[in-house]
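Undergrad: One letter stands for each residue in the lines below.
2 protein chains.
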Amino acid sequence: MSNAGARRKAPTIHDVAREAGVSRGTVSRVLNGGHYVSPAAREAVDAAIKSTGYVVNRHARSLITGRSDSVGFLLTEPQERFFEDPNFNVLLRGCTQALAAYDIPLLLMLAGTQDERRRITRYITAGHVDGVLLVSSHSGDPVAEELRAAGVPLVACGKPIGQASKVSYVAADDRDGARDMVRFLHQSGRRRIATVTGPLDTPGGVDRLAGYREVLAELGITPDERLIEHGDYSRAGGEAAAERLLAAAPDLDAVFVASDLMAQGVLSALHKAGRRVPEDVAIGGFDDSPAALASSPELTTIRQPWDRIANEMVRVLLAQIGGEDPSAVILPTELIERRST
Amino acid sequence: MSNAGARRKAPTIHDVAREAGVSRGTVSRVLNGGHYVSPAAREAVDAAIKSTGYVVNRHARSLITGRSDSVGFLLTEPQERFFEDPNFNVLLRGCTQALAAYDIPLLLMLAGTQDERRRITRYITAGHVDGVLLVSSHSGDPVAEELRAAGVPLVACGKPIGQASKVSYVAADDRDGARDMVRFLHQSGRRRIATVTGPLDTPGGVDRLAGYREVLAELGITPDERLIEHGDYSRAGGEAAAERLLAAAPDLDAVFVASDLMAQGVLSALHKAGRRVPEDVAIGGFDDSPAALASSPELTTIRQPWDRIANEMVRVLLAQIGGEDPSAVILPTELIERRST
DNA sequence: CATGTCTCTGTGAGCGTTCACAGTAGAGAA
DNA sequence: TTCTCTACTGTGAACGCTCACAGAGACATG
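Line by line, the protein sequences give chains A and B.
Heads up: the first sequence begins at -19 in my numbering, then just goes up one per residue.
Heads up: the second sequence begins at -19 in my numbering, then just goes up one per residue.
Hints in this document: simulated from the structure, not taken from any laboratory.
Some clues are possibly wrong.
[As the list claims (entries may be wrong)] Result set (SDA-like, lysine to any residue): computed pairs, CA atoms no more than 25 Å apart in a straight line: (1) A:Lys(-11) to B:Gln300; (2) A:Lys(-11) to B:Ala220; (3) A:Lys30 to A:Gly1; (4) A:Lys(-11) to B:Thr105; (5) A:Lys(-11) to A:Val35; (6) B:Lys30 to A:Thr93; (7) B:Lys(-11) to A:Arg41; (8) A:Lys(-11) to B:Pro179; (9) B:Lys(-11) to A:Ala106; (10) B:Lys139 to B:Leu315; (11) A:Lys30 to B:Glu96; (12) A:Lys139 to A:Ala299; (13) A:Lys252 to A:Ala299; (14) A:Lys30 to B:Leu43; (15) A:Lys146 to A:Tyr34; (16) B:Lys30 to B:Phe62; (17) A:Lys(-11) to B:Pro122; (18) B:Lys139 to B:Gln300; (19) B:Lys252 to B:Pro277; (20) A:Lys(-11) to B:Gly46; (21) B:Lys252 to B:Ser214; (22) B:Lys(-11) to A:Gly303; (23) A:Lys146 to B:Gly33; (24) A:Lys252 to A:Glu278; (25) A:Lys(-11) to B:Arg47; (26) A:Lys139 to A:Asn67; (27) B:Lys30 to A:Arg102; (28) A:Lys(-11) to B:Ile301; (29) A:Lys(-11) to B:Glu126; (30) B:Lys(-11) to B:His15; (31) A:Lys252 to A:Gly303; (32) A:Lys146 to A:Gly169; (33) A:Lys(-11) to B:Arg102; (34) B:Lys(-11) to A:Glu304; (35) A:Lys30 to B:Gly46; (36) B:Lys(-11) to A:Asp305; (37) A:Lys146 to A:Val186; (38) B:Lys146 to A:Tyr34; (39) A:Lys252 to A:Ala228; (40) A:Lys146 to A:Glu304.
Quick caveat: nothing in here was measured; it's all calculated off a predicted structure.
Build out the structure end to end from the sequences listed, making use of the hints.
TA: Below is the structure:
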């Protein structure tokens, strides 16, 4: 209360000390946990804080401690792509909550343009946050490299493709998710299982294809390259890939598609070709994105554990802020069965 | 470059000064615009900055200047509500861009829960941002009041209903938008124009109804309270209101609905009642939200100038940070004609 | 009694900047 | 010459806080 709305200069720790009849040191101790403070002193300080309306000046504190007690959540790509995605919202909320347990506020930073990236990088390296949770799908992200070089604790969401060794990341187990799906398709009686991969310069593209190959090998099925086509994670790319598949291997009876969005394209290609899903061809997607539910039939797909990913990202970041070395965490995925298989 | 990734202590202005063979003061001057610095000194400093990898410590700077050169964008409600809305994305991007012109980074802060609000309020009042752009639809938002009391420059998006006088805001002209729509309905030959209002404890609810009433008065149409029903901005609320309207005034030939979402409800009520849109009844919405395009038929609606709102919010905020008094800005709306009229 | 230990308190130093001020050198005017 | 003015430079003092340290009591232990 008091002095509300005034432009008057804010009360300092000094004012509180005077008001409480103690020294700066004692006030500071109360502020930082209250160890080694007598009950009487603590009460006096608490009262003085209330009566003066004191709020710590975090700049002064940060200047000396070197910490800012806040964490950034950095998006290095256009916001819309993410904001529309419910999975992203789960991730963001999960991180916020995980940090809340430590009373650390999370700052969302958007750096969609080159110019923004420059500004935000400067802001971060100047020490405004203790660490950064990075979300970006482009793997060779220069921002990550720059922050890493500046010594900023950093945890990426998803496996970065470049200098993987030096930057922490938390990711779902793409390879194992792919294995689960292909195994599932096989178990439901499919024998000519094709796949539409993601771009092979993304971790998801590579690992999901690897999982596919592994399971076929396990099952003793002779690899058939006609059953493999590449997409670009887009709907149209999926459709085109499916058309190529149908031409090269018209006897396919299942397709494992590396993203739900591409799976939508595959569905429409199959529909045009007069194949029924799932009767003639089973479709397995990946991501459990909104596209999975919006499709008809609804897609069987692989869900990534976004809530756990969020928790792990925060855990790893805080560990790194605490001085530990970068580390990687891989989390298991879950197969969601719907109508397309 | 140099010392990449090291935990080594960062170079200070002192190190740069030594390296460049000048004093702290000169380095500081170069950093802050370079006035009163000889070309030779400036070059030496620039070189030293590069060779040492120096980055200003913003905590130290902020401590003395009292400014943080950053601005917060505060959401005091659950993120999802906004993230899904393209209008919100336009607003956010607009603010980011407007601030970019001043090289000010924008920090998005989410405070959906009570706990988060506490944390973020503390963070803000501690001086971490120079001002706050506030987005919240609940009008009696305690956060706004608290920040205002703490003397934090603040600009709300949309007219706050409570202590309006003391807090700046930028809003679209609800009343005038409503007038335009009702006038438009009248000009297209409708004579029994009903309305579904928003809640009357929101500015939108009040002002849009006021606009409706004004135009009818202008046109010399006798007010008929049977043509007015209240909704709650939800789809279901709109549907219920439309049912009441149809019962009370079955001869209506147009409805001005205070939000697109409610208009969707109205559409479905009319559909159930066997009325054709726009043949039998014309529908005018408000907001130009995604609902307007997702409806069938697509809604004629009132668009708010989100890009201009963003620019004005930033302008007003910066003015306030610069010491000016709070002010209000009202911007004109635009009528978007589609198939529902 | 001396000594040690534990809890509590105050004090000085310093974090990395900016700011105000004092001062220097050179150019031009009186 | 001498003075003023301008362009530039260096220096000490903050800013508000935390940290390390020293010291004061209280109490127990040898």
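Undergrad: For each hint, tell me whether it holds in the structure or not.
TA: Each hint, compared with the structure:
1. A:Lys(-11) to B:Gln300: holds, 17 Å
2. A:Lys(-11) to B:Ala220: Not OK: Lys(-11) (chain A) and Ala220 (chain B) at ~54 Å, beyond 25 Å, violated.
3. A:Lys30 to A:Gly1: At roughly 14 Å apart (the allowed maximum being 25 Å), Gly1 (chain A) and Lys30 (chain A) satisfy the hint.
4. A:Lys(-11) to B:Thr105: The hint holds at about 13 Å.
5. A:Lys(-11) to A:Val35: Measuring from Cα to Cα gives roughly 12 Å; hence the hint holds.
6. B:Lys30 to A:Thr93: Judged against 25 Å, a Cα distance of about 24 Å means the pair holds.
7. B:Lys(-11) to A:Arg41: holds, 17 Å
8. A:Lys(-11) to B:Pro179: violated, 41 Å
9. B:Lys(-11) to A:Ala106: holds, 13 Å
10. B:Lys139 to B:Leu315: Judged against 25 Å, a Cα distance of about 21 Å means the pair holds.
11. A:Lys30 to B:Glu96: With Cα atoms ~21 Å apart, Lys30 (chain A) and Glu96 (chain B) stay inside 25 Å; holds.
12. A:Lys139 to A:Ala299: With Cα atoms ~19 Å apart, Lys139 (chain A) and Ala299 (chain A) stay inside 25 Å; holds.
13. A:Lys252 to A:Ala299: Roughly 52 Å between the alpha carbons, so the hint for Lys252 (chain A) and Ala299 (chain A) is violated.
14. A:Lys30 to B:Leu43: holds, 23 Å
15. A:Lys146 to A:Tyr34: The hint is violated at about 42 Å.
16. B:Lys30 to B:Phe62: With a Cα-Cα distance of about 42 Å, the restraint between Lys30 (chain B) and Phe62 (chain B) is violated, given a limit of 25 Å.
17. A:Lys(-11) to B:Pro122: holds, 23 Å
18. B:Lys139 to B:Gln300: holds, 17 Å
19. B:Lys252 to B:Pro277: Given that 25 Å is the threshold and the Cα spacing comes to 15 Å, the pair holds.
20. A:Lys(-11) to B:Gly46: It holds: about 10 Å lies between the C-alpha atoms, which stays within 25 Å.
21. B:Lys252 to B:Ser214: Cα-Cα ~18 Å, so holds.
22. B:Lys(-11) to A:Gly303: Roughly 14 Å between the alpha carbons, so the hint for Lys(-11) (chain B) and Gly303 (chain A) holds.
23. A:Lys146 to B:Gly33: holds, 20 Å
24. A:Lys252 to A:Glu278: holds, 18 Å
25. A:Lys(-11) to B:Arg47: holds, 13 Å
26. A:Lys139 to A:Asn67: Holds, because 17 Å separates the two Cα atoms, which is no more than 25 Å.
27. B:Lys30 to A:Arg102: holds, 14 Å
28. A:Lys(-11) to B:Ile301: This hinted pair holds, its Cα atoms lying about 15 Å apart.
29. A:Lys(-11) to B:Glu126: holds, 17 Å
30. B:Lys(-11) to B:His15: Not OK: Lys(-11) (chain B) and His15 (chain B) at ~29 Å, beyond 25 Å, violated.
31. A:Lys252 to A:Gly303: violated, 57 Å
32. A:Lys146 to A:Gly169: Violated, at about 43 Å.
33. A:Lys(-11) to B:Arg102: Measuring from Cα to Cα gives roughly 17 Å; hence the hint holds.
34. B:Lys(-11) to A:Glu304: holds, 17 Å
35. A:Lys30 to B:Gly46: holds, 23 Å
36. B:Lys(-11) to A:Asp305: Given that 25 Å is the threshold and the Cα spacing comes to 18 Å, the pair holds.
37. A:Lys146 to A:Val186: The given pair, whose Cα atoms are some 20 Å apart, holds under the 25 Å limit.
38. B:Lys146 to A:Tyr34: Cα-Cα ~23 Å, so holds.
39. A:Lys252 to A:Ala228: holds, 16 Å
40. A:Lys146 to A:Glu304: holds, 12 Å
Comparing the model with each numbered hint stated earlier shows that hints 2, 8, 13, 15, 16, 30, 31 and 32 do not hold.
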